[in-house]
Amino acid sequence: KTLEKIRAKKALLTAIILLFSVSVFSQTHQHDSAANQDLDSTLMRQAVPVEQAAKFGKLVIQDSGGRMKPANTFASELIRKVSKSDTYQFLNADQVLLSIQQNPLLWYQVPFIYLKRGNDSLRRLAGVDEKAKYASFVDFFNNDGTYKLAKPLEGAYKAATPNQFQKDFIETDRRINLLYSAIEGKVLRIFPVPNDANNKWVSFTEAPDFPFQGVDSLYVANVMPLYIGALRQGAYDQADELLESISGFQRKYGNDIMPSKEKIDAEIIYNKYDIFKKLFAWYMYVGTLMFVVLIFKILYDIRIFGFVVKLCIGLISLLFVAQTFGMGARWYISGHAPWSDAYESMLYVAWATVGIGLAFGRKSKLTIAATAFVASMVLMIAHWNWMDPEIANLVPVLDSYWLMIHVAVIVGSYGPFALGMIVGFIAMILMILTTKKTKNRIRLTIDELTVVNELALTVGVVMLTIGNFLGGQWANESWGRYWGWDPKETWALISILVYAFVLHMRLIPNMRSKWLFNLMSVIAFASIIMTYFGVNFYLVGLHSYASGDKVITPSFVYYSIAIVSVIGLVSFLRYNKYFGKNAA
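In the working numbering, the protein residues as written are 560 to 1143.
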């Protein structure tokens, strides 16, 4: 029976593709401006009003991982993953999802699938213009219904280490499949299966395969088509009644796992403002401005600079408060501490970094500017393509109170270490900028930054050491042993030893130089990068979430090594000239 269903779906998909290839597109399937304008005008005419779409966005669905969330969240994830945007033309995420349900055939031809820049092979296969940013679903199929990406994907999935072009094909294939699942309607799992032991919810297209009885069976099979029909006719009062009836059905059979109305509203607001994505730009603007003004203030003591610095501190404090509210909202929505995956831990590192900077800000204004800049970089990395901001249920091993204790402490230690790294870098930049006229002022600033650096590293080492011991307690509860030389455990210990050495260099007569201390605080951060990122990708262990996948070292690693080497050498020469033993 299953094979027959699959064959039927394939036949239907082939028929749909042939229909569009004959009636809509040319033999090469290239989009011209007139076709796109027709699509846009059709979508505009049939678009559901924003207010009506927002009501649909509050409907609870169950995702593939079992998490209960508003349809607005899925709609936001769908449009972001498929098109790399928050909207499509004039439609917001809720309107796009509803439009797909209303006009599934139309969305096979909408140029909605994002194409990675620089991959001409992908565009040639899709048959679109070499400068095209998007392609449609049918662009990836030939007239006979065969998948154009089949051969490239076969090689990409077989490759031990896929190159960038192969990764592009894999990512595009995932976007195509996600869009197809939305068009097919299976993603709208809005109906709880009565008395199911696993609390499973299904879509109306899947309902015939599950034990719905009597009136419930008729209801599940017909309510969504009736709702879509009411939207098409503009009968919004009837559509509202049908939505309310669906919510009643959900409460009847799935009330135990449904989120509260307050949580649904909070998640929709969280999706709307997307605070973390906006914060990295604001931290960058304000932090950079403050840093530049402080440098000029060191060189030229002008009153207006002091006012601008105070204004920047106030703005950074407000941004930190906004970030704190964002973290709290994510905690409230997910039901667990917001540092359970790579994306959330990056948010937490950025938050901890700014918090440490503000705490040390009374001693050094440069510290606040530095931490704002670091936070912007961390948040920018968190929103790169390979990190998924989706809120998900906890995996079983993380469903423990130790998540809040151990991870909070050990990942929180990365904030002080990041502060030490950027402060050390700034100190070396100041050494390079030193002249005879400014050396006295800059000496005081370097002394100030070095003390802050030492304080930050001390706090970081204490937190990392405590976090490591707490990790041993969690390991004993989860795996029956305190220490197993797992790569993550080992590299956390290595980081402790590295930073302990940096902090104790002042006890070695020939290593008491402020230049060397600041340089080492920058170099030592590489151990944190390896502990945090490298272990997950290069090594295999219980903490290695990438399962030891072979990866190519990013080019920015080599650039970073080159930059630190050049800055370190030039600052050493300038430091010896103006502050060394033989300085004039």
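Honestly, the hints are just simulated from the structure, not real lab data.
Predicted model only: the values in this text are computed from it and were never measured.
The reader is advised that the hints may include incorrect statements.
[To be verified] Just the calculated beta-carbon pair ranges, DEER-fashion: (1) P753 / W890: 49 to 59 angstroms; (2) Y859 / R683: 51 to 61 angstroms; (3) S1114 / F855: 32 to 42 angstroms; (4) R862 / F884: 33 to 43 angstroms; (5) S623 / R683: 48 to 58 angstroms; (6) H942 / Y859: 32 to 42 angstroms; (7) Q605 / D947: 25 to 35 angstroms; (8) N701 / W1042: 25 to 35 angstroms.
[Said to hold, decoys possible] Here are the simulated DSS-like pairs of lysine-lysine, each with C-alpha atoms no more than 27 angstroms apart in a straight line: (9) K675 / K869; (10) K836 / K820; (11) K745 / K837; (12) K836 / K614; (13) K922 / K998; (14) K675 / K836; (15) K745 / K614; (16) K640 / K745; (17) K614 / K759; (18) K675 / K726; (19) K617 / K759; (20) K643 / K675; (21) K831 / K617; (22) K690 / K675; (23) K831 / K995; (24) K726 / K831; (25) K726 / K759; (26) K837 / K811; (27) K1047 / K996; (28) K1136 / K996; (29) K692 / K831; (30) K995 / K856; (31) K998 / K856; (32) K617 / K820; (33) K675 / K811; (34) K617 / K643; (35) K692 / K836; (36) K745 / K617; (37) K811 / K922; (38) K759 / K643; (39) K856 / K922; (40) K837 / K692.
Note that the Cβ used here is the ideal one computed from N, Cα and C, for glycine as well.
Lying within 32 to 42 angstroms: is that true of the beta-carbon distance S1114 to F855? Taking Cβ atoms as reference, S1114 and F855 lie about 33 angstroms apart, which means the hint holds.
If you draw a straight line from the CA of K811 to the CA of K922, is it 27 angstroms or shorter? Cα-Cα ~59 angstroms, so violated.
Hint consistency between K1136 and K996 [alpha-carbon to alpha-carbon, up to 27 angstroms]: holds, 14 angstroms
Hey, K690 versus K675, does the alpha-carbon distance stay inside 27 angstroms? With Cα atoms ~11 angstroms apart, K690 and K675 stay inside 27 angstroms; holds.
Holds or violated: K745 with K614, Cα cutoff 27 angstroms? With Cα atoms ~20 angstroms apart, K745 and K614 stay inside 27 angstroms; holds.
When you check the alpha-carbon spacing of K640 and K745, does it fall within 27 angstroms? holds, 17 angstroms
Is it true that P753 and W890 lie within 49 to 59 angstroms of each other by Cβ? violated, 32 angstroms
Take the C-alpha atoms of K726 and K831, compute the straight-line distance between them, and say whether it is at most 27 angstroms. violated, 30 angstroms
Quickly compare the C-alpha distance for K745 and K837 to 27 angstroms and report which way the hint goes. violated, 32 angstroms
Restraint status (C-alpha distance of K1047 to K996 at most 27 angstroms): Violated, because 49 angstroms separates the two Cα atoms, which is more than 27 angstroms.
Are K692 and K836 close enough, with their CA atoms no more than 27 angstroms apart? This hinted pair holds, its Cα atoms lying about 22 angstroms apart.
Could you say whether the range 51 to 61 angstroms given as a hint is met by the Cβ separation of Y859 and R683? Holds: the Cβ-Cβ distance is about 57 angstroms, inside 51 to 61 angstroms.
Checked against the numbered hints given earlier, this structure breaks hints 1, 5, 8, 9, 11, 23, 24, 25, 26, 27, 33, 37, 38; the rest are met.
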